[in-house]
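Chemist: One-letter residues, chain by chain:
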Amino acid sequence: MPPRKSAWAPTLGRAAGLPHEGRQRRAPVVALVWPRALDTSRSAAPLVAEARARGAFAVRLDLGADFAREVGTGGEGLAALAAGGLLVGIGASVSGGCSTGHGLSGCSRLQPAGVAATATFFATAVACSFLLDGVRP
Amino acid sequence: MIAPWRTHLELLAFGILLGGAISAVGFTDYAELHRMFTFSDLRLLLTFAAAVVLAGVGFALHCRGAGMPIRRIVKGTVPGALLFGVGWAIAGGCPGAVLAQIGEGKVPALVTLVAILVGSAIGRRVKARAGWDSGSCAS
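First to last, the protein sequences are chains A and B. 1 is the number of the first residue of the first sequence in our numbering; add one for each residue after it. 1 is the number of the first residue of the second sequence in our numbering; add one for each residue after it.
Since the hints were made in silico from the structure, they are not lab data. The structure displayed is predicted, hence computed values, not measured ones. Beta carbons are placed, not taken as given, at the ideal position from N, Cα and C, and that holds for glycine. Keep in mind that the hints are not guaranteed to be accurate.
From the structure, some residues in chain A lie toward chain B, with a derived Cβ separation under 7 Å [to be verified]:
id: 1; residue: Ala44
id: 2; residue: Leu47
id: 3; residue: Ala51
id: 4; residue: Leu61
id: 5; residue: Thr73
id: 6; residue: Gly74
id: 7; residue: Val94
id: 8; residue: Ser95
id: 9; residue: Phe121
Now the in silico label distances, taken between C-beta atoms and shown as ranges [what the hints assert, rightly or not]:
id: 10; chain 1: B; residue 1: Ala55; chain 2: A; residue 2: Leu61; range: 16 to 26 Å
id: 11; chain 1: A; residue 1: Asp62; chain 2: B; residue 2: Phe59; range: 23 to 33 Å
id: 12; chain 1: B; residue 1: Ala128; chain 2: A; residue 2: Phe57; range: 37 to 47 Å
id: 13; chain 1: A; residue 1: Leu47; chain 2: B; residue 2: Asp133; range: 38 to 48 Å
id: 14; chain 1: A; residue 1: Ala51; chain 2: B; residue 2: Ala66; range: 16 to 26 Å
id: 15; chain 1: B; residue 1: Ile70; chain 2: A; residue 2: Arg54; range: 28 to 38 Å
id: 16; chain 1: B; residue 1: Ile70; chain 2: A; residue 2: Ala53; range: 38 to 48 Å
id: 17; chain 1: B; residue 1: Pro69; chain 2: A; residue 2: Ala51; range: 42 to 52 Å
id: 18; chain 1: B; residue 1: Phe14; chain 2: A; residue 2: Arg54; range: 17 to 27 Å
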């Protein structure tokens, strides 16, 4: 049985960079598994590539140059992670939610507790970040 | 009571999707977070705003007709959030993002995870002692 032809398959196939003869047959499958094939506009391609690079797996012992500069390296950095994590844990527990529970779920449902907590933790995070910038520019 | 296995599978699927999204938008990256908190790059802030709007539409469609429970501001809400914000800015990871950081292979995030677990155990005791009932994410 010949593969069923659809009008959008050639476009998707071209976007996915498939050879001409493979476009009709494989494009629908590629569209499901390969985000690049979903780009119909060219301008979205770099954004998708950027997002894919962000989530790329790599075993790393550091958290990047910005963390090293603002917070610290080695033992100092780990101590900061421990202290920061402790505050995150206590805060999320006492507040009854975190950036996901209060920030995303709470704000999107316009929950009073979610909006108040999000405004508060965002404000302290901003203040703390500017403070870090001031101490270690 | 333990939820049926189907619920666990559904939560697993949503968890994987959430982790992938958190990672892809850059919420796991200290540099990106720091740029959001110092307003030197608004991309992540706008991404989060878009997610809130999208989730709002989803909740509205999913819960139409049925009233959603309202979570009021209680005694623990603001003090807890004050601490949370400081910790988030220092450690560069919130409870969801730290799991995604570990999934990305960021080894130091294991320290953050352990600290968050210890912190939430302390937080529960503090809440119980103070008699604050701020609920949890699930309520």
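Chemist: Identify every previously stated hint that the structure contradicts and give their numbers, smallest first.
Modeler: 1, 2, 5, 6, 10, 11, 14, 17
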